[in-house]
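Number of protein chains: 2
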Amino acid sequence: MDTYTPTPRTQVKRLAKRGVYDKSQVHAILDEGFLCHVGFELDGQPYVIPTGYARVGESLYIHGSAASRMLRTLDAGVDICLTVTLVDGFVLARSAFHHSMNYRSVVVLGKARLVTDREEKLLALRSFTNQILPGRWDEVRQPTDQELKSTSVLALPLNEVSAKVRTGGPIDDEEDYALPIWAGVVPVRTAVGEPLADSRALPGIPPVDTQRFTRFKKP
Amino acid sequence: MDTYTPTPRTQVKRLAKRGVYDKSQVHAILDEGFLCHVGFELDGQPYVIPTGYARVGESLYIHGSAASRMLRTLDAGVDICLTVTLVDGFVLARSAFHHSMNYRSVVVLGKARLVTDREEKLLALRSFTNQILPGRWDEVRQPTDQELKSTSVLALPLNEVSAKVRTGGPIDDEEDYALPIWAGVVPVRTAVGEPLADSRALPGIPPVDTQRFTRFKKP
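Just so you know, the sequences run in chain order A and B. Start counting the first sequence at 3; every next residue gets the next number (my numbering). Start counting the second sequence at 3; every next residue gets the next number (my numbering).
Same shape as in the complex, but just chain A (with noise of 0.2 angstroms):
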C-alpha cells in the first residue's frame, strides 16, 4: 500500500484510529471535493480563506488573481495548510455527549510554488474547470495571454499530508442502549440543482446535463 509517512505535525494523536495516510484514500477525498480552505499566517494573525483547488497526481493547484492578499502572501514561499473536509452524515446518539458527525477530512502542510511555466499553469487552470464539470475546459473559451498573466497559480506538493476519517453509527455508553431515543446517522451529501440558464442566453442551447456533475447527487 502506497503510503505518505507520518511526521510529528500530521501524526493522527487522539482518536488515531482516525487516521489515514493511504495515498489511494487520501487522494479519493481530493477528487470528490472542489473547495479547501487555506491557513496562512501574516503579521502575526492566521487567515483561513475558502477557494477552489484541484488535484494532478501528488500536487494540488490553488489560484486566484494576482493581485489578492492570499495570493501574493503565499507565492512568497511560506508555510500553508490546505484543508478539505467532506461531511457525510450526522450521527445522533442516545446522550448529547456522544453526537458526532461522519466526515472524511485531508489536512497538507507544506510551502506554496509559484507556477511560472506555461504549460503547468494552463494544466492547473484545465483541472480547476474540469475538478467541478468534467469536460467543461473543451467547450468553452480559452484563456488569452492577458487572462493567463492575470492569474496567479500555486502549486502544493502532496509530501506530508494526513486524512482523518469517522464513519459508521453512535457509540453511546453501555446502560444508555435501554433508552427510548432514536439514534443512527442522517446521511448529508452536496447535491446539485437544476441549471439556471442566464438572461443573455442564446436560443436552442440545452442546459448543462447535471449527470455530468459525477461528485455529486441530484437532489
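FYI, nobody ran anything at the bench for these hints, they're computed from the structure. Bear in mind the structure is a predicted one, so any value in this text is a computation, not a measurement. Backbone N, C-alpha and C fix where the C-beta goes; we use that ideal spot for every residue, glycine too. One should not assume that every hint holds.
Unchecked claim - In silico contact screen, one side only, chain B against chain A (beta carbon under 10 angstroms); selected entries:
#1 Thr87
#2 Ser107
#3 Tyr179
Said to hold, decoys possible - Far from chain A by the CB rule (all over 10 angstroms, computed), these chain B residues:
#4 Thr7
#5 Gln27
#6 Glu121
#7 Pro136
Said to hold, decoys possible - Cut-off 27 angstroms, straight-line C-alpha distance, at most; resulting in silico cross-link-like pairs (DSSO-like, lysine-lysine):
#8 Lys15/A with Lys151/B
#9 Lys15/A with Lys166/A
#10 Lys151/A with Lys15/B
#11 Lys113/A with Lys15/B
#12 Lys113/B with Lys151/B
#13 Lys113/B with Lys15/A
#14 Lys151/A with Lys166/A
Based on the hints, put chain B in the right spot on chain A.
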C-alpha cells in the same frame, strides 16, 4: 443597520462590493452552517482544522476533547481565524476565465476564551446539538459531570468579522456572449438523506423527521 466595524485585517479589499459587515447577514450565514475551519499557529506552522460550532448572540462556540491538540493550543489565548463557508452554486461562464462559484463566507478573527462557567458551558453544548438538529438537546440524555469535565468549550467573540458574498450569474466578456455555449448557474446545496437507525435500535421508535433539519434540503 447594525454592522461590524471593518478593520485593516477584515476590510475586503479585492472585489470590495462582495464585502458584507451587516450583523444580521453575518448571523444568517453562521446559523445556516454547522461546520467551520479553525486556523491557528503552532511552532511556526499554521493548521486548519474542521470542527462543529454554534452561535449564541455575539459569541461563537467550538468544543472538543480537553485532550486535543487544537483545544489545548487555543485555550492558551492565541490568535485564531474561524471561517464558515456555504457554497450556493457553480457559475459556468462562456470562457474558462470567468468561471466562478456563488458562496457566502464569514471570517472571524480573535482570541478564543476557555469557558469555565458551568451554565455557559451547558448553553454552548445545547447549542451545538441544536445547531445540527433543532430540539435534539431536549430529547437525549444530558451530560454527566464527568462528560462535562472531559469536554473543553471555547468562546470566540464576534468582534472582528467580515463576510464575503457572491451571487448571480456569470459576467462574460462582451464578445463572448455570441458564443454558442451554455452559461448560467448550477445550484449547489447541502441535503440530508433518509435516517439509518443503528444496529441496536429498540423496536417501535420512529426515526427523526428530516423536516426538522430546517437548514437543509431533502435530496
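Results of checking the hints against the structure:
no., hint, in the structure
1, Thr87, "holds (4 angstroms)"
2, Ser107, "holds (5 angstroms)"
3, Tyr179, "holds (5 angstroms)"
4, Thr7, "holds (17 angstroms)"
5, Gln27, "holds (17 angstroms)"
6, Glu121, "holds (15 angstroms)"
7, Pro136, "holds (12 angstroms)"
8, Lys15/A with Lys151/B, "holds (20 angstroms)"
9, Lys15/A with Lys166/A, "holds (11 angstroms)"
10, Lys151/A with Lys15/B, "holds (20 angstroms)"
11, Lys113/A with Lys15/B, "holds (24 angstroms)"
12, Lys113/B with Lys151/B, "holds (22 angstroms)"
13, Lys113/B with Lys15/A, "holds (24 angstroms)"
14, Lys151/A with Lys166/A, "violated (37 angstroms)"
Hint check: a violation occurs at hint 14 only; the rest are consistent with the structure.
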